[in-house]
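A.B. asks: So you can see what is in the structure, the chains are spelled out below.
2 protein chains.
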Amino acid sequence: MNFLTANLIPKKHQSLAEQVEQKLLSYLKANNFNIGDQLPKEIELAAHLGVSRNVVREALSRLRMMGMVESKKRKGMVITEPDLLSGLTRIMDPSLLGKENMQDIFELRLVLEVGMADLLFVRKKDTDIQELKDIANREAADENCQNSQDVRSKYEVEFHGKLYAMSGNSTLSRFQKLLLPIFNYMEAVEATLDKAPAKGKINHFDLIDTLENGTAAQFRKRMREHLTPHYARL
Amino acid sequence: MNFLTANLIPKKHQSLAEQVEQKLLSYLKANNFNIGDQLPKEIELAAHLGVSRNVVREALSRLRMMGMVESKKRKGMVITEPDLLSGLTRIMDPSLLGKENMQDIFELRLVLEVGMADLLFVRKKDTDIQELKDIANREAADENCQNSQDVRSKYEVEFHGKLYAMSGNSTLSRFQKLLLPIFNYMEAVEATLDKAPAKGKINHFDLIDTLENGTAAQFRKRMREHLTPHYARL
DNA sequence: GTAGTTGAATATGTACTACATATTAATAAA
DNA sequence: TTTATTAATATGTAGTACATATTCAACTAC
Chain L
287 MNFLTANLIP
297 KKHQSLAEQV
307 EQKLLSYLKA
317 NNFNIGDQLP
327 KEIELAAHLG
337 VSRNVVREAL
347 SRLRMMGMVE
357 SKKRKGMVIT
367 EPDLLSGLTR
377 IMDPSLLGKE
387 NMQDIFELRL
397 VLEVGMADLL
407 FVRKKDTDIQ
417 ELKDIANREA
427 ADENCQNSQD
437 VRSKYEVEFH
447 GKLYAMSGNS
457 TLSRFQKLLL
467 PIFNYMEAVE
477 ATLDKAPAKG
487 KINHFDLIDT
497 LENGTAAQFR
507 KRMREHLTPH
517 YARL
Chain S
287 MNFLTANLIP
297 KKHQSLAEQV
307 EQKLLSYLKA
317 NNFNIGDQLP
327 KEIELAAHLG
337 VSRNVVREAL
347 SRLRMMGMVE
357 SKKRKGMVIT
367 EPDLLSGLTR
377 IMDPSLLGKE
387 NMQDIFELRL
397 VLEVGMADLL
407 FVRKKDTDIQ
417 ELKDIANREA
427 ADENCQNSQD
437 VRSKYEVEFH
447 GKLYAMSGNS
457 TLSRFQKLLL
467 PIFNYMEAVE
477 ATLDKAPAKG
487 KINHFDLIDT
497 LENGTAAQFR
507 KRMREHLTPH
517 YARL
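Chains L and S, in that order, give the protein sequences. Residue 502 in the working numbering is what sits at position 216 of the first sequence, and the numbering runs on without skipping anything. Residue 375 in the working numbering is what sits at position 89 of the second sequence, and the numbering runs on without skipping anything.
Any given hint could be a false lead.
[What the hints assert, rightly or not] Chain L is nowhere near these chain S residues, computed Cβ spacing over 10 Å in every case:
| id | residue |
| --- | --- |
| 1 | Leu335 |
| 2 | Arg343 |
| 3 | Arg360 |
| 4 | Met363 |
| 5 | Gln432 |
| 6 | Ser434 |
| 7 | Asp436 |
| 8 | Lys463 |
| 9 | Val475 |
| 10 | Thr478 |
[To be verified] Footprint (simulated), chain L over chain S, 3 or more residues, beta carbon under 8 Å:
| id | stretch |
| --- | --- |
| 11 | 322–328 |
| 12 | 346–356 |
| 13 | 364–372 |
| 14 | 403–412 |
| 15 | 501–508 |
[To be verified] Using 25 Å as the maximum straight-line C-alpha spacing, the simulated DMTMM-like pairs for lysine to aspartate or glutamate come out as follows:
| id | chain 1 | residue 1 | chain 2 | residue 2 |
| --- | --- | --- | --- | --- |
| 16 | L | Lys309 | S | Glu356 |
| 17 | L | Lys507 | S | Asp492 |
| 18 | S | Lys448 | L | Glu386 |
| 19 | L | Lys385 | S | Asp323 |
| 20 | S | Lys315 | L | Glu511 |
| 21 | S | Lys385 | L | Glu356 |
| 22 | S | Lys385 | L | Asp323 |
| 23 | S | Lys315 | L | Asp379 |
| 24 | S | Lys411 | S | Glu356 |
| 25 | S | Lys309 | L | Glu476 |
| 26 | L | Lys410 | S | Glu511 |
| 27 | L | Lys315 | S | Asp369 |
| 28 | L | Lys487 | L | Glu511 |
Hint data in this document are derived by calculation from the structure and do not stem from the laboratory. Built from N, CA and C at the ideal position, the CB exists for glycine as well.
Construct the entire structure; sequences and hints are all you get.
C.D. replies: Structure follows, in structure tokens:
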């Protein structure tokens, strides 16, 4: 391609479906719609935008995938609230992601759990503390913890998952669940390298105690220490 | 939801395009492909799955949207590394999200900035510190800061954006940029309610000093104090 | 033989038609 | 008035046809 034709083509080529998707998004953003409002019919959109119905359907399919619209058979398409994590739920898999993304996600977990402290202290309930204690007690009583890494990590997941749930932030909590396969994979890889799982000095009982009697700053410090083996990966 | 209940609960009707999307995703997850590998042609997929090419194209369009595949005109579709934030880039807009999602995102920012400390201390460079100082100095010298909330928030964004960039976590940094419109919107709403923007006791110079001479734990504490006005919203 | 050009082959991109399906809304029956 | 039936309609799916762009091979020129 010579420089003349290069100048004639300003943007990287976008398919019509992508263009229509963006137009629909701008349309929705600009007109402050409410949830439940109706979208024009596919045929009308196609006619108005001067494209085929196929193209419109591809664009709408993407909006549907994000949870931005729902389509009913005769009613047409109605606007819904998009799902923040709809994309992530599909691709959060070790076999789909590269090293850099996995490392980013790994780090994100560490950041979240340390930074989450204030949410926990604002929203903790007595019943939550009790549940944490139950988990920690079951963990302490389970002799399989000595032998099996799987068993250990089962309690680890349960305990920390409960913390995310306690945060009262459902996006955060859902994100943690998506994050698990990545984390497990990276731990498994680490295990094959003969790196001892090296437990931190702060255990779950210590964390519970801090959550019950301490401050958010103290909890952050202890959580940071609890996660020290993982921080070694930075 | 475990494997069993997943089968027991009758799924809400899924369109063929959605089913094909999932089949393609499972196919990609199961077969550990490498980036650059080719996917079968649309017609072959359609024939193999027993659906029309339209349906296959809708599914592929979704994968393309997530950055999982790229399509070249004659070459066919090749596997690429998915973009973790491709979904978010489209929907991170105050006019598309509801209160709960916005609140979740708002909280997430607070969690991230407090929890980010260790990343910063591992990866900070002298040049980064210098850049932070430059920003803080420009801010201190700008007399418009007194009058205009916009000017203040401009420096705020620049300073904190630099911190995210320093984290060395590009996903985190990109997420912060997406988060900005939400944050601005919520601050604007707060401003209309006559709530004074109430600056925290810890300013940017304090943060820089801690970053230069202190510890990660100290930085977390000070960042938490710096963000105190925002934490009031919890 | 090498470089550059041309042109055919081909997979994706777009348009269009036809019909299936499900659900609403109107109508008829009780 | 209530219930059952029917028609209308917007999305879902299938299929054909052609446009477009890019690869790859054949070919020409030097």
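A.B. asks: None of the hints should be skipped; say for each whether it holds.
C.D. replies: Checked hints:
Residue-level check passed: S/Leu335 sits 16 Å from the nearest beta carbon of chain L, beyond 10 Å. Not every CB of chain L is more than 10 Å from the CB of S/Arg343 (nearest about 7 Å), against its label as outside the interface. Every CB of chain L lies more than 10 Å from the CB of S/Arg360, the least distance being 14 Å, so the non-interface label holds. With a minimum CB-CB distance of about 13 Å to chain L, S/Met363 clears the 10 Å threshold, and the non-interface call stands.
With a least CB separation of 30 Å from chain L, S/Gln432 remains clear of the 10 Å interface cut-off, as annotated. Against chain L, the non-interface label of S/Ser434 holds: every CB pair exceeds 10 Å, the least being about 26 Å. Every CB of chain L lies more than 10 Å from the CB of S/Asp436, the least distance being 21 Å, so the non-interface label holds. Listed as outside the interface, S/Lys463 is consistent with that label: its C-beta sits roughly 15 Å from the nearest C-beta of chain L, beyond the 10 Å cut-off.
In this structure S/Val475 is separated from chain L by more than 10 Å, as the shortest Cβ-Cβ distance comes to about 14 Å. Chain L leaves S/Thr478 outside its interface by the beta-carbon criterion, the shortest separation being 16 Å against a cut-off of 10 Å. Coverage of a stretch by a chain is defined here by at least three residues with a beta carbon nearer than 8 Å to that chain's beta carbons; for the stretch 322–328 of chain S and chain L the count is 0, and the condition is violated. By the rule of at least three residues with a Cβ nearer than 8 Å to a Cβ of chain L, the coverage given for the stretch 346–356 of chain S holds, with 5 such residues.
Coverage of the stretch 364–372 of chain S by chain L holds [criterion: at least 3 residues with CB-CB distance below 8 Å; count 5]. A stretch counts as covered by a chain when three or more of its residues have a beta carbon under 8 Å from one of that chain; for the stretch 403–412 of chain S and chain L the count is 4, and the coverage holds. Counting residues of the stretch 501–508 of chain S whose C-beta lies closer than 8 Å to any C-beta of chain L gives 4; at least three are required, and the coverage claim holds. This hinted pair checks out: L/Lys309 and S/Glu356 have alpha carbons roughly 21 Å apart, not beyond 25 Å.
For the hint pairing L/Lys507 with S/Asp492, the CA-to-CA distance comes to about 20 Å; that is within 25 Å, so the pair holds. In summary, the hint linking S/Lys448 to L/Glu386 is supported, as the alpha carbons are separated by about 20 Å, within the 25 Å threshold. For the proposed pair L/Lys385 and S/Asp323, the alpha carbon gap of about 18 Å is at most 25 Å, so the pair holds. The hinted pair formed by S/Lys315 and L/Glu511 fails the criterion: a straight-line CA distance of about 35 Å is larger than 25 Å.
Restraint check for S/Lys385 and L/Glu356: satisfied, since their Cα atoms lie roughly 20 Å apart, inside the 25 Å limit. Taking the CA atoms of S/Lys385 and L/Asp323, the gap is about 18 Å. The hint holds against a cut of 25 Å. With a CA separation close to 7 Å, the supplied pair S/Lys315 and L/Asp379 stays within the 25 Å bound. Note on S/Lys411 and S/Glu356: the hinted pairing is violated, with a Cα-Cα distance of about 37 Å set against a maximum of 25 Å.
A C-alpha spacing of about 30 Å is found between S/Lys309 and L/Glu476, which places the hinted pair above 25 Å, so the restraint is violated. Taking the CA atoms of L/Lys410 and S/Glu511, the gap is near 21 Å; set against the 25 Å cutoff, the hint holds. Between L/Lys315 and S/Asp369 the CA atoms are separated by roughly 23 Å; this keeps the pair inside 25 Å, and the hint holds. A distance of roughly 7 Å separates the Cα atoms of L/Lys487 and L/Glu511; the hinted pair therefore holds under the 25 Å criterion.
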